[in-house]
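Using the sequences and the hints, build the whole thing.
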Amino acid sequence: MNTLQKNSFFNRFFRENSFKGGLSKNRHGLAIYRRFYTPKTDVYLNTNERYFYEEKPSSTTFFLFYLPCGISFSIWVLLLINLLVVIFTDGSFYWPILLIIPIYSFITVNVLGLTYDRVKFKGAYFDRLEKKVSFTWKVKNAEEFDMFGNPTFNWEDIECHTKNEFAVLGIMKGFIEIRHKNLDLYPNAKLTINASGDTSKPVQCFLEWESIVRHMEQDKPLPDTPEYELYRELDPITKSFDESNGRPKGFWTQFSLEQQREIEEQIFQEAIKFDWSEGKVQPEITKPWEVWTPDPKRPPKPRGMFTMIMLQLVFCYPE
-14 MNTLQKNSFF NRFFRENSFK GGLSKNRHGL AIYRRFYTPK TDVYLNTNER YFYEEKPSST
46 TFFLFYLPCG ISFSIWVLLL INLLVVIFTD GSFYWPILLI IPIYSFITVN VLGLTYDRVK
106 FKGAYFDRLE KKVSFTWKVK NAEEFDMFGN PTFNWEDIEC HTKNEFAVLG IMKGFIEIRH
166 KNLDLYPNAK LTINASGDTS KPVQCFLEWE SIVRHMEQDK PLPDTPEYEL YRELDPITKS
226 FDESNGRPKG FWTQFSLEQQ REIEEQIFQE AIKFDWSEGK VQPEITKPWE VWTPDPKRPP
286 KPRGMFTMIM LQLVFCYPE
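Each residue of the sequence shown is one higher than the one before, starting from -14 at the first, in the working numbering.
Just so you know, the hints here were simulated from the structure itself, not pulled from any lab data.
Heads up, the beta-carbon is just placed ideally off N, CA and C, and yes, glycines get one too.
Keep in mind that a hint or two might mislead.
[What the hints assert, rightly or not] Derived Cβ-Cβ restraints for the label pairs, each shown as a range: (1) 202 with 148: 21 to 29 Å; (2) 284 with 84: 34 to 42 Å; (3) 221 with 157: 22 to 30 Å; (4) 129 with 32: 19 to 27 Å; (5) 239 with 84: 27 to 35 Å; (6) 59 with 157: 33 to 41 Å; (7) 68 with 202: 51 to 59 Å; (8) 68 with 274: 43 to 51 Å; (9) 287 with 129: 20 to 28 Å; (10) 52 with 84: 20 to 28 Å; (11) 267 with 166: 37 to 45 Å.
[To be verified] Under the rule of at most 16 Å between Cα atoms (straight-line distance), these lysine to aspartate or glutamate pairs were calculated in the EDC-like manner: (12) 205 with 269; (13) 282 with 228; (14) -9 with 204; (15) 116 with 243; (16) 175 with 162; (17) -9 with 131; (18) 125 with 141; (19) 41 with 202; (20) 105 with 144; (21) -9 with 1; (22) 116 with 131; (23) 272 with 243; (24) 117 with 202; (25) 175 with 141; (26) 234 with 204; (27) 205 with 112; (28) 272 with 228; (29) 148 with 131; (30) 116 with 141; (31) 282 with 243; (32) 117 with 141; (33) -9 with 214.
Spelled out as structure tokens, the structure:
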């Protein structure tokens, strides 16, 4: 198990963002609860200029939360089967289902949205402003807590370790373990993440940790990457830097999700060739518009209101 330094060597940061709502962060559709209620989780999830979130994989709570969405999809499948039966046989159509579907979807979308902030998904929040790290479960001997009651620790007391394990079919997987330095005192103050995902390349572990480290560097602007596009102006240092740097407004919103993934793959291939053992710090790309340009033949496709409502009807996802 290796301990990673709190430094950025590769200095290439990129996470895709579909910008499904375009430049707007506030769209409702069937989720009318948003017109009069702001979930507590918005303080975390809608303030990406401050918080970086890492979720624990295979969360049971996450599965249970999305179970109603699966039920909604199943109802739509039953509707399709019923239509096929009517078309190809002498069977009768179950008309009440046309009433059941929209009522179920409307109620589920709003109930899920209202209860989302009351459900604790296992993960860790990295607070750039306060330089704190919060875990969303009870930590033995924890003395300090954030505004939501999560045990929180100083960033300087957090470290990251890498480890490799064999997964299915004998494929080596890379993991990072983010934990408190003093595990004897705080034995469960740790989060293990399968950083390598579906790839056997452990280099993804380094990229994952560097993205966290870079987020926590208060003296630097946020990395110029799609995931921060809608929040850059909310961070004073980033806003000032962008103005002096001549950054085009909404730069990454001009890129399709397909092109973003190509850029992400390009960076990943560079990371594989990068000599991580040398300790040489690579200069960061601060003007990505001089490196990449949006492809006019593949413009981004923001999700229209009709599409959003249909997805809410079928999958009950509040968006």
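Margin query: To test your reading of the hints: which numbers does this structure violate?
Written below: As far as the earlier hints go, 3, 5, 9, 11, 13, 15, 17, 18, 19, 20, 21, 23, 26, 29 and 33 are violated by this structure, in ascending order.
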